[in-house]
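Chains as they are written, first to last, in my numbering: chain Z, 646 to 932; chain X, 68 to 252.
Please keep in mind that the hints were generated in silico from the structure rather than gathered at the bench. Ideal placement from N, C-alpha and C gives every residue a C-beta, glycine not left out. You may find that some hints are simply not true.
[Stated by the list, open to error] Computed Cβ-Cβ distance ranges for the label pairs, DEER-style:
hint: 1; chain 1: Z; residue 1: Leu653; chain 2: X; residue 2: Leu114; range: 23 to 33 Å
hint: 2; chain 1: X; residue 1: Gly176; chain 2: Z; residue 2: Asp770; range: 44 to 54 Å
hint: 3; chain 1: X; residue 1: Asp153; chain 2: Z; residue 2: Val779; range: 52 to 62 Å
hint: 4; chain 1: X; residue 1: Ala205; chain 2: Z; residue 2: Arg660; range: 37 to 47 Å
hint: 5; chain 1: X; residue 1: Glu101; chain 2: Z; residue 2: Asp864; range: 47 to 57 Å
hint: 6; chain 1: X; residue 1: Gly176; chain 2: Z; residue 2: Asp864; range: 22 to 32 Å
hint: 7; chain 1: X; residue 1: Ser163; chain 2: Z; residue 2: Pro743; range: 26 to 36 Å
hint: 8; chain 1: Z; residue 1: Leu754; chain 2: X; residue 2: Arg86; range: 16 to 26 Å
hint: 9; chain 1: Z; residue 1: Gln658; chain 2: X; residue 2: Ala205; range: 39 to 49 Å
hint: 10; chain 1: Z; residue 1: Glu916; chain 2: X; residue 2: Gly190; range: 28 to 38 Å
hint: 11; chain 1: Z; residue 1: Glu775; chain 2: X; residue 2: Leu107; range: 17 to 27 Å
[As the list claims (entries may be wrong)] Chain Z is nowhere near these chain X residues, computed Cβ spacing over 10 Å in every case:
hint: 12; residue: Asp73
hint: 13; residue: Met96
hint: 14; residue: Glu101
hint: 15; residue: Ser120
hint: 16; residue: Ala127
hint: 17; residue: Arg128
hint: 18; residue: Ser131
hint: 19; residue: Arg151
hint: 20; residue: Gln157
hint: 21; residue: Glu158
hint: 22; residue: Glu159
hint: 23; residue: Asn161
hint: 24; residue: Ile166
hint: 25; residue: Ala195
hint: 26; residue: Arg204
hint: 27; residue: Asp249
Below, each chain spelled out in residue letters.
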Amino acid sequence: MGKVTGFLEIDRQDRKYKPAADRIRHYDEFVIPLSEEATRGQASRCMDCGIPFCHNGCPVHNQIPDWNELVYSGGWEDALRNLHSTNNFPEFTGRICPAPCEASCTLNLQDQPVTIKSIEAAIIDRGFTEGWVVPLTPKHKTGKKTAVIGAGPAGLAAAQQLARAGHDVHVYEKLAKAGGLLRYGIPDFKMEKHLIDRRVAQMTAEGVVFHYNVNVGVDLSAQDLINGHDAVILAGGAEKPRDLPLPGRELDGVHYAMDFLTQQNCRVSGEPLGRTNPFWRPAKMSW
Amino acid sequence: MIGGGDTGSDCIGTSVRQRALSVTQLEIMPRPPEKENKLLTWPDWPLKLRTSSSHEEGAARDFSVLTKEFVGENGVVTGLRCVRVDGQMQEEPNSSFTIKADLVLLAMGFVSPVREGLLETSGVNLDARGNVAADTRAYISSRDKVFACGDMRRGQSLVVWAIREGRQCAASVDAWLMGDTDLPR
Chain Z
646 MGKVTGFLEI DRQDRKYKPA ADRIRHYDEF VIPLSEEATR GQASRCMDCG IPFCHNGCPV
706 HNQIPDWNEL VYSGGWEDAL RNLHSTNNFP EFTGRICPAP CEASCTLNLQ DQPVTIKSIE
766 AAIIDRGFTE GWVVPLTPKH KTGKKTAVIG AGPAGLAAAQ QLARAGHDVH VYEKLAKAGG
826 LLRYGIPDFK MEKHLIDRRV AQMTAEGVVF HYNVNVGVDL SAQDLINGHD AVILAGGAEK
886 PRDLPLPGRE LDGVHYAMDF LTQQNCRVSG EPLGRTNPFW RPAKMSW
Chain X
68 MIGGGDTGSD CIGTSVRQRA LSVTQLEIMP RPPEKENKLL TWPDWPLKLR TSSSHEEGAA
128 RDFSVLTKEF VGENGVVTGL RCVRVDGQMQ EEPNSSFTIK ADLVLLAMGF VSPVREGLLE
188 TSGVNLDARG NVAADTRAYI SSRDKVFACG DMRRGQSLVV WAIREGRQCA ASVDAWLMGD
248 TDLPR
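Okay, chain Z solo, but in the shape it has when bound:
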């Protein structure tokens, strides 16, 4: 707790959006970061509770009061080290997490919660700007060969951890690039895709080998892949959409949301739309 009376003196102030009339003309992100001074003030609102409920509200158990204090006192690099100790990709969650930590913030009981998500984003964005995010290569290799199927957030996190433990890691992704729904589902205006590219670059430097356009079980035998590795992780997501089998479902112009979002994401990135899942895609959507 950097400032004992922070929560008494400072009101919650969060990142603002650029005006809707402007931002709907493009697909770029439109969140305006707080100044460093304002961010440190917001971090000082953390009460450093005896039992910090935010720890448990957060599925990765981010040590939120610890990095709030570090941010308040200006220890940004230590804050980043702490944040990375529980979360491989805070730049993703700092943008698109619904922030259950804030719902569980003790200050939320009688007041407004600490802007935890915005502080998380400020820490990691500063980390990349300052060059603090570097590849962490293992000190020794184990000689074990592992495969991860699916390059969404689960597969990427698993792959990065395994590589840092010294294993050979091969990631198999059925689409042209890594990210899963982060890239092909979530629009750029909520999370720009260069954020994924720079993580993939870090992971590549850490020794992770990415194999794109390989749909395991279709293009490559799952059995052969399992036989050829010491361990295999299935991280292919839950892609089967809920259908609405009503009269008229076959009409042109009725589509799954994810087809629509993927189409626009590929338009924005200039990527020719490759295959998504061949098993449920209706053939009539023209790209």
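Here the structure of chain Z is known, so what remains is to put chain X in place on it, guided by the hints.
Relative to chain Z, chain X alone:
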């Protein structure tokens, strides 16, 4: 958009940027309260009305709406026929109405991983919901050497849950391969 969640919200923002004349999001559940009773809900995630940046960009939202039929002409959709439902999703009498639409997007969640291809040919057991059966300690499937994590194991969820499962699964794999692990869970 049929479905009142975040995917529907993303479709709104995308449609607005594609210059749709009008955008409507339909939700089958009743409109939630504007504010939660914090003394009852804290520290859990409360049910309340959540208005995203995309909603602010211009979308009509309607709640307690059940779609009954996609209406079309010459094979192309022109609208939806809907009814109003109560909190138990029972139809209100004489509540039928229609909405014009040139594009209808189904954003009602994901039921399971795709079974065809990878899961069928790798021969892992699935749980009752069609996810890969594996616990959150070992993360190992019914097959030797094969582990599972993220939405493929737990079903559709948040990015932050995917990161957690990926990290924990890696620790389990490391311990399984080496007999011990320094990776955090």
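Could you work out which of the previously given hints the structure breaks and list their numbers from low to high?
Violated: hints 2, 8, 11, 12, 15, 27.
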